[in-house]
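**Q** Read off the chains here:
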Amino acid sequence: MTIEVKNLVKKFGSFAALDGVDLKVDNGELLALLGPSGSGKTTLLRIIAGLDWPDSGEVSFNGEDALAQGARERHVGFVFQHYALFRHMTVFENVAFGLRVQPRAVRKDEAAIRARVKELLDLVQLDWLADRYPSQLSGGQRQRIALARALAIEPRILLLDEPFGALDAKVRKELRRWLRSLHHEINVTSIFVTHDQEEALEVANRVVVMDKGRIEQIGSPDDVYETPASAFVHGFIGESIELPVQVEGGVIRLGDRPLRLAADGLAPGASKLFVRRHDMLVGPPGSGAFEGAVQHVRNFGPVQRAEVALSGGETIEIDAPRDKELRAGDTIGLNPRRYRIFAG
Amino acid sequence: MTMQIADSVSLSAPDAKARAKARAHAAAAQDNLRTEPRAVRITIIALAMIFLSVFVVLPLVVVFAQAFSKGILAYLSALAEPEALAAIKLTLIVAAISVGLNLVFGLVAAWAIAKFDFAGKTFLITLIDLPFSVSPVISGLVFVLLFGAQGYFGSWLRDHDIQILFAVPGIALATTFVTFPFVARALIPLMQEQGTQEEEAAVSLGASGLQTFFRVTLPNIKWGVLYGVLLCNARAMGEFGAVSVVSGHIRGETNTMPLLVEILYNEYQFVAAFAIASLLAMLALITLIAKTVLERHLDEGHDASDH
Chain A
1 MTIEVKNLVK
11 KFGSFAALDG
21 VDLKVDNGEL
31 LALLGPSGSG
41 KTTLLRIIAG
51 LDWPDSGEVS
61 FNGEDALAQG
71 ARERHVGFVF
81 QHYALFRHMT
91 VFENVAFGLR
101 VQPRAVRKDE
111 AAIRARVKEL
121 LDLVQLDWLA
131 DRYPSQLSGG
141 QRQRIALARA
151 LAIEPRILLL
161 DEPFGALDAK
171 VRKELRRWLR
181 SLHHEINVTS
191 IFVTHDQEEA
201 LEVANRVVVM
211 DKGRIEQIGS
221 PDDVYETPAS
231 AFVHGFIGES
241 IELPVQVEGG
251 VIRLGDRPLR
261 LAADGLAPGA
271 SKLFVRRHDM
281 LVGPPGSGAF
291 EGAVQHVRNF
301 GPVQRAEVAL
311 SGGETIEIDA
321 PRDKELRAGD
331 TIGLNPRRYR
341 IFAG
Chain B
345 MTMQIADSVS
355 LSAPDAKARA
365 KARAHAAAAQ
375 DNLRTEPRAV
385 RITIIALAMI
395 FLSVFVVLPL
405 VVVFAQAFSK
415 GILAYLSALA
425 EPEALAAIKL
435 TLIVAAISVG
445 LNLVFGLVAA
455 WAIAKFDFAG
465 KTFLITLIDL
475 PFSVSPVISG
485 LVFVLLFGAQ
495 GYFGSWLRDH
505 DIQILFAVPG
515 IALATTFVTF
525 PFVARALIPL
535 MQEQGTQEEE
545 AAVSLGASGL
555 QTFFRVTLPN
565 IKWGVLYGVL
575 LCNARAMGEF
585 GAVSVVSGHI
595 RGETNTMPLL
605 VEILYNEYQF
615 VAAFAIASLL
625 AMLALITLIA
635 KTVLERHLDE
645 GHDASDH
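So the protein lines, in turn, are chains A and B.
When the first sequence is numbered by this note's numbering, its final residue is 344 and no position is left out of the sequence of numbers.
When the second sequence is numbered by this note's numbering, its final residue is 651 and no position is left out of the sequence of numbers.
Chain A extracted, bound-state conformation (with noise of 0.2 Å):
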């Protein structure tokens, strides 16, 4: 099943959620909207689902139009961010409930939604909780019910909002690397909703980074960490030094301090310069692009993180390996491997 959008507005009184997106995703992806909260991934997603419904622009599946059907038609498996799950029944009437309420013309015999329904939790290897509630389970299994829940109406896309939000860090990494081997067993066109890159880079084979209502970036994980199309990207997605720069006849400077950096094709004017923390190389006084005196120095595991206030104003934090010991009071130049310059 493939699905586009096209020029999707949602306005919130006088806070636009969309402001003209327009996405394409083909069949059997596994994508993920990336972006801070109020970026508008999660009305996105609600506005694929059919639960709620744009001001104007296009939904369509397979090319015919999505809009047109209720979320009830859609056929569209939703995971809500706190599961959703019906409180008073137990895991196995959940996952049957899609089953349950088909028109009486496709609906299955009772042995054949139970036959359905222990597939599923099979699948999800939650079998043994069937005639639990869920009150009674942990937040890794609510969701993994709400995903065989999603599934048993055999959904044309799969939809997942926040799914590991609600869940710590152990039972997240674990589910993130259960759900990407599901996505593969089973196939189906799938896009989940998150605020976590990390998961978004570790999981999806293609990002979709928003902000503010708009589409930032689309590529695959590699593409958005290592070419950022834009100065929020390049923010938003790893760790990142910043530093505000002019560039004028052909001259990057800091502050007052020209930079020892190709300043070709770059448009004059007020930019911001990105460097990640890890691509600064540091080197003997002179030899780099900046100079600097480093202030205080952390050790973290294989990185030593070092603050370092740049002659020219600015104080940043490098990652560099620790072979070369540096020490507070040190003057070092720094080269970046690479950088970036956004104007604005």
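Hints are not guaranteed to be accurate.
To be verified - Only pairs whose alpha carbons sit at most 30 Å apart, straight line, appear in this in silico DSSO-like list of lysine-lysine:
(1) B:Lys-459 with A:Lys-11
(2) B:Lys-465 with A:Lys-11
(3) A:Lys-11 with A:Lys-24
(4) A:Lys-170 with A:Lys-118
(5) A:Lys-212 with B:Lys-459
(6) B:Lys-566 with A:Lys-108
(7) B:Lys-566 with B:Lys-459
(8) A:Lys-24 with A:Lys-6
Said to hold, decoys possible - Chain B residues, not near chain A, derived (Cβ > 10 Å throughout):
(9) Ala-392
(10) Leu-404
(11) Ala-409
(12) Lys-433
(13) Phe-462
(14) Asp-503
(15) Gln-536
(16) Val-560
(17) Gly-585
These are calculated hints, taken from the structure and not from any lab test.
All C-beta atoms, glycine included, are put in the ideal place defined by N, C-alpha and C.
For this one, chain A is given, so just place chain B on it according to the hints.
**A** Here is chain B on its own, set in the frame of chain A:
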């Protein structure tokens, strides 16, 4: 400085024992979160007990004492009077109508308020409480003004030969109005807390509106519904003011139990009056017990939703 000296000096064996005791005492007091002196505590508790005994328990005892003052046979024959039976029957009919109507209205109102956002929502919430803040007599008078011979619809009703005032419809209407808030008030906070996610999940799984209501919404609020119905029923059976205005006090026809109690009492038929009153008192006691049981279930519902 002097404190420190005193401290170090008092560390002889007997003193240490006394201090340990004092500490244990202080710790116990802390545990119970009681800091008032014993005398104050006892006084406060005693005041509360005396007040409750005089104003709640004593009247209840008096009702039953008076009802049985001429023996159980007099009590039973008072209840078997045609007038008494008619009043009991009318009360049950009126309660059934108004509880039924308020169950539907209350569910609809609570549903609208808890699940949708719309203009005038706050106003609606305030309006639901109106019957609680208006004197029941006024509520009754409103219906007299609407449906009475001189009222807005009076002549139309007379032309079409429809009797509302001084008949069952009027009594049921007044009772319904007075008891309207109970079901809605029991359900609004419960439904607001539960939110709409389970309904959304049901719809996305292919459930129709009715299936969602009967399979998801209703089971989640059933204890709240019962709680509201219970209180609504208790008030409907006991309502005096509003019903008194619209009933016309036609003996054997438009007297509910509370109205009959007053009439019998005014006619010095104490045993009969208190016999009917004892039935209302028993209703109150049963309501109280049922309410306690339901509240326990409601708490469980809240706990279960705590994820």
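**Q** Do the alpha carbons of Lys-24 (chain A) and Lys-6 (chain A) lie within 30 Å of each other, as the hint requires?
**A** It holds: about 9 Å lies between the C-alpha atoms, which stays within 30 Å.
**Q** Just double-check Leu-404 (chain B) for me: nearest Cβ-Cβ distance to chain A has to come out over 10 Å.
**A** It holds; Leu-404 (chain B) is separated from chain A by about 37 Å at its closest Cβ, greater than 10 Å.
**Q** Would the hint linking Lys-566 (chain B) and Lys-459 (chain B) be met if the CA-CA limit is 30 Å?
**A** 17 Å, holds
**Q** Does Lys-108 (chain A) sit within 30 Å of Lys-566 (chain B), going by the straight-line distance between their CA atoms?
**A** With a Cα-Cα distance of about 29 Å, the restraint between Lys-566 (chain B) and Lys-108 (chain A) holds, given a limit of 30 Å.
**Q** When you check the alpha-carbon spacing of Lys-11 (chain A) and Lys-24 (chain A), does it fall within 30 Å?
**A** 22 Å, holds
**Q** Would you check whether the claim that Phe-462 (chain B) is not at the interface survives, using Cβ distances to chain A and the 10 Å cut-off?
**A** 14 Å, holds
**Q** Please work out if Lys-459 (chain B) and Lys-11 (chain A) have their alpha carbons no farther apart than 30 Å.
**A** Holds, because 20 Å separates the two Cα atoms, which is no more than 30 Å.
**Q** Taking 30 Å as the top limit, are the C-alpha atoms of Lys-170 (chain A) and Lys-118 (chain A) close enough?
**A** This hinted pair holds, its Cα atoms lying about 27 Å apart.
**Q** Confirm or reject: Val-560 (chain B) is not an interface residue toward chain A, with every Cβ-Cβ distance exceeding 10 Å.
**A** Label violated. Min Cβ-Cβ 6 Å, cutoff 10 Å.
**Q** Taking 30 Å as the top limit, are the C-alpha atoms of Lys-212 (chain A) and Lys-459 (chain B) close enough?
**A** 27 Å, holds
**Q** Once the closest CB in chain A is found, is it more than 10 Å from Ala-392 (chain B)?
**A** 37 Å, holds
**Q** Straight-line Cα separation of Lys-465 (chain B) and Lys-11 (chain A) no greater than 30 Å?
**A** Roughly 21 Å between the alpha carbons, so the hint for Lys-465 (chain B) and Lys-11 (chain A) holds.
In summary, the structure is inconsistent with hint 16 from the numbered list given earlier, while agreeing with all the others.
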